[in-house]
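> One letter stands for each residue in the lines below.
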Amino acid sequence: MIAPILEMRNITKTFPGVRALSEVSFSVAKGEIHCLVGENGAGKSTLMKVLSGVYPHGDYSGDILLEAQSQKFRNIADSEHAGIGIIYQELALVPDMTVYDNILLGHELKSGLTVNLNETIKQATEMLAKVRLQLNPSTKVRDLGVGKQQLVEIAKALCRDIKILILDEPTAALNEDDCDNLLDILRGLKRDGVTSIMISHKLKEVIHIADTVTVLRDGQTVCTLDASRGEVSEGVLIKHMVGREIDDVFPKRKKKISDEVVMQVRDWTVYSHGLGRTLLSDVNFDVHKGEIVGFAGLMGSGRTELAHSLFGNPDGYRLNGEIKIEGKVSKFTEPRNAIDAGIAYASEDRKKNGLILIQDVKQNVTLANLKALATRGVVDANGEAKVAEEYRTALSIKTPSINQKVLNLSGGNQQKVSIAKWLFVKPKLLILDEPTRGIDVGAKYEIYTLMNKLVDQGMSIIMISSELPEILGMSDRIYIVSSGRITGELPIAEATQEKIMQLATS
Amino acid sequence: MILKDFRAVIRNNIREYGMYIALVVIMGIFTIATDGVFISSRNIANLLNQTGYIAVLAIGMTLVIVIRQIDLSVGFLSGFLGALAAIAMTSWGFPAWAAILAALAMGTLAGLLTGFFVAQVGIPSFVASLAGWLIYRGALLLATLKKGTIIVPDDAFNAIGNGYIPDIFPAETSFLPELHKLTLLLGLLAIVWFIFQSLRDRKNRVAYGFEVLPADMFILKLVFISVILSLITWVVAGYNGMSWTLAIVLVVVLAYHFITTKTVLGRHIYAVGGNPEAAELSGVSVKKITFWVFGSMGMLCGLSGILFTSRLQSATTTAGTLFELDAIAAAYIGGVSAAGGIGKVTGSLMGAIVYMSLTSGMNLLGTDISLQYIIRGAVLVAAVVFDVTTRKAKS
Ligand SMILES: Nc1ncnc2c1ncn2[C@@H]1O[C@H](COP(=O)(O)OP(=O)(O)OP(=O)(O)O)[C@@H](O)[C@H]1O
Ligand SMILES: [Mg+2]
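Residue numbers (my numbering), protein chains in the order written: chain A, 10 to 515; chain B, 17 to 411.
It is worth saying that the hints were derived from the structure and are not from the lab.
Incorrect hints may appear among the rest.
Stated by the list, open to error - Derived pair list, reagent style BS3-like, types lysine-lysine, alpha-carbon separation capped at 27 Å: (1) Lys414(A) with Lys278(B); (2) Lys380(A) with Lys360(B); (3) Lys304(B) with Lys437(A); (4) Lys278(B) with Lys340(A); (5) Lys219(B) with Lys395(A); (6) Lys361(A) with Lys360(B); (7) Lys360(A) with Lys360(B); (8) Lys304(B) with Lys435(A); (9) Lys360(B) with Lys414(A); (10) Lys304(B) with Lys360(A); (11) Lys414(A) with Lys237(B); (12) Lys414(A) with Lys162(B); (13) Lys237(B) with Lys380(A); (14) Lys219(B) with Lys435(A); (15) Lys395(A) with Lys360(B); (16) Lys360(A) with Lys265(A); (17) Lys219(B) with Lys380(A); (18) Lys303(B) with Lys380(A); (19) Lys414(A) with Lys219(B); (20) Lys360(A) with Lys278(B); (21) Lys303(B) with Lys340(A); (22) Lys303(B) with Lys360(A); (23) Lys303(B) with Lys361(A).
As the list claims (entries may be wrong) - Covered, in the sense of this in silico footprint (three residues per stretch, anywhere, with C-beta under 8 Å from a C-beta of chain B), are these stretches of chain A: (24) 303-313; (25) 364-370; (26) 387-397.
Bear in mind that the values here come from a model prediction, so they are computed numbers and not experimental data.
Using N, Cα and C, we set each Cβ at its ideal position, and we do this for glycine too.
Please model the complete structure; the sequences and the hints are all you need to start from.
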């Protein structure tokens with residue numbers, strides 16, 4: 010047994026109304042890759058925030074030992090000083106600053122009173138090389154895809170001479186290639202002697218990379234498993250996480266697809282003035298009543314832009330082509346029109362486009378359909394509370410009350426709130442953009458079951474997803490998008506991972 | 017036990033009650049320093065009338081700041097609209113009511129115009145309204161160019177800023193001879209209504225299993241607020257009763273409080289302030305809300321201009337100078353968040369009263385104007401620091 014580099018003992022952390030962690034013990038050996046898994050709201054992010062000083066000493070009870078030294082971090086700077094680097098669940102880069110400025114943000118290299126630009130660029134370039142990212146460090150972060158942004162975050166952490174790197178769901182927003190790349194880089198860091206702690210809901214990658222896995226459930230440590238002794242398998246992880254076994258990740262459904270076409274899109278072209286280029290061209294597709302249509306493709310292939318352009322075009326693209334809803338040609342000038350026509354769109358970026366974080370669960374759930382709760386413009390507060398309670402139960406949203414601010418929910422539970430909002434609109438066609446991003450296996454199963462129930466009742470669903478198993482497991486038909494074009498359409502019976510990947514990269 | 021409950025309640029609600037406490041402290045200090053002159057019915061009546069034209073602006077400004085915008089043009093716009101009303105009555109032969117409607121309508125249009133530049137064209141509101149500040153200042157100078165000061169001879173119009181609501185009972189009765197009976201009656205109704213509403217609200221929350229104050233604390237709160245309301249009523253009734261200005265401000269506050277807390281429009285305003293992208297994608301038209309909020313701001317500028325002109329019984333070349341900053345300060349003292357999405361109109365009303373109490377009290381004490389500015393600045397900072405730190409402590 011190698012001596013632990015880090016030990017957390019009996020950590021307890023409470024929030025008003027919630028005991029997020031109770032008596033959690035957690036130990037990490039030097040030089041290993043240690044994965045932390047558990048359901049949404051199990052306390053993973055909270056534990057890491059305790060470790061990195063976001064919640065200062067005194068805010069929690071218990072001890073942190075780093076290389077056998079007791080630590081009392083007062084803030085993030087303290088933990089950074091001690092050699093702990095953390096990359097949060099939400100990216101924390103400044104979009105309008107350059108890559109090199111972001112990497113050295115907070116650790117600016119000075120010569121005299123001014124920032125030494127040349128040295129900055131040199132060091133940033135070195136760090137980029139460590140994460141095998143080839144790009145001009147003067148690029149603005151805004152212009153990078155999520156995958157590259159994630160690597161910039163790691164480069165930023167590496168710059169600080171760290172012993173332990175914490176990554177909170179680093180791969181949630183990445184496609185498979187980017188994921189593999191990131192895992193490779195973690196292995197490389199391991200060779201350089203960096204210890205990593207990674208939180209993830211993607212069990213396959215956990216199995217792939219972990220030396221040790223710790224499972225949390227309801228704020229308590231369930232067990233710690235050693236991969237080298239073959240203790241880690243998907244079934245075992247799920248059982249420990251959820252407390253029961255889930256045999257079939259994708260629940261079965263009797264197909265009830267009718268010939269009726271709910272949405273028909275023809276010769277759809279989207280041009281962005283801001284970027285000065287065509288984002289999508291000649292897109293044609295149909296969605297039938299009672300059907301789940303999958304949109305597969307790589308990150309950045311234009312699927313989200315497509316959804317936005319169909320959903321009332323909030324980004325102000327120049328559009329060409331035709332949308333027919335139930336046979337009627339429709340023009341939407343703002344999302345409201347699309348919603349009124351029976352379309353709903355649950356965004357992939359819940360923080361930016363999905364939720365009002367400073368408002369409570371109740372207000373977020375009802376926002377898109379307040380009219381249904383109002384008489385002559387006055388909202389029925391009691392009816393609203395009832396609706397919110399219903400969805401809280403239906404989606405098992407973990408929150409002490411519907412009056413809790415969404416800000417205080419765990420990432421996965423926020424996602425559920427953002428889906429609940431659209432279910433309350435009772436649409437004909439629901440567009441789900443990466444619906445299970447950051448959601449645990451149990452909740453995924455619940456969301457899939459819910460999707461099945463909805464199409465069974467006659468709703469249609471467009472599911473945009475970068476996770477191939479999910480696309481293959483849930484869709485009735487699949488469109489593959491690549492560089493702004495639909496490069497293929499596959500009925501589910503003919504679809505395989507290989508075919509999709511081939512079309513997605515063509 | 018009660019004491020412990022009491023402390024817990026105060027601690028949990030310190031943000032909400034803080035301003036009331038501050039107001040009581042400020043009033044207490046001035047009352048002592050002026051040997052009671054400050055709290056006299058006559059001075060309070062004056063204070064409330066002076067607060068009127070800032071309070072209505074602060075209410076509108078609250079919503080503007082809530083949706084993450086700012087409006088710097090409100091001061092001179094209200095000055096200009098007041099002058100417009102005066103000219104309409106003196107030169108164009110408008111009756112008072114028509115002049116008032118004209119000012120409100122013009123104000124709404126002016127607000128919508130700012131809204132147009134912000135929402136439709138996409139100009140930052142700071143710039144759009146800074147241009148408005150310059151333009152309306154010029155317009156005001158132009159309007160008052162010929163006569164300098166336009167005296168308004170219309171008694172009905174001037175009553176808005178100087179008159180009091182009539183009494184239903186003759187003043188000579190032996191029953192409470194010194195007091196304004198209708199004001200007392202209104203105060204009483206307000207207290208009854210308040211208690212009734214609180215009880216109903218509490219019942220509803222209990223029915224839903226939501227958290228409520230412990231019973232003893234709830235009663236204490238009811239008693240406390242009822243006592244405060246009675247005191248205010250008593251003081252106001254002691255000098256001619258409720259002024260028209262106060263009545264108008266109360267109506268505006270109640271209307272805006274209702275809109276912001278109970279209606280779909282209100283919820284959409286806070287959603288836009290909380291996260292405009294998410295609101296837009298949820299089917300809330302950010303444009304439409306922006307138009308609404310700036311339109312309402314413009315209308316309130318018209319109202320503020322009328323209150324001010326009527327109070328002075330004339331329109332002057334400098335009317336409205338710095339009102340925008342007073343209104344912004346009042347809103348911030350009242351707890352509006354600069355990050356958007358947070359702020360109550362009732363808070364801003366309180367903010368305006370706190371702010372004007374300072375001015376009024378220091379005027380009574382004969383404090384030098386230079387020192388007045390410094391103290392007002394310090395209070396503004398203190399209020400916002402308090403707000404920010406208590407907000408952090410709670411989350
Ligand atoms: N600031 C906060 N205020 C109140 N409750 C909080 C706060 N932060 C977290 N919680 C609660 O603590 C619990 C643990 O949250 P945490 O974010 O650690 O979950 P997680 O395991 O990271 O979940 P996910 O996989 O969904 O990200 C949740 O029930 C959450 O609602
Ligand atoms: Mg988390």
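> Where does the structure disagree with the numbered hints, that is, which hint numbers, in rising order?
Hints 4, 12, 13, 14, 16 and 24 contradicted; others consistent.
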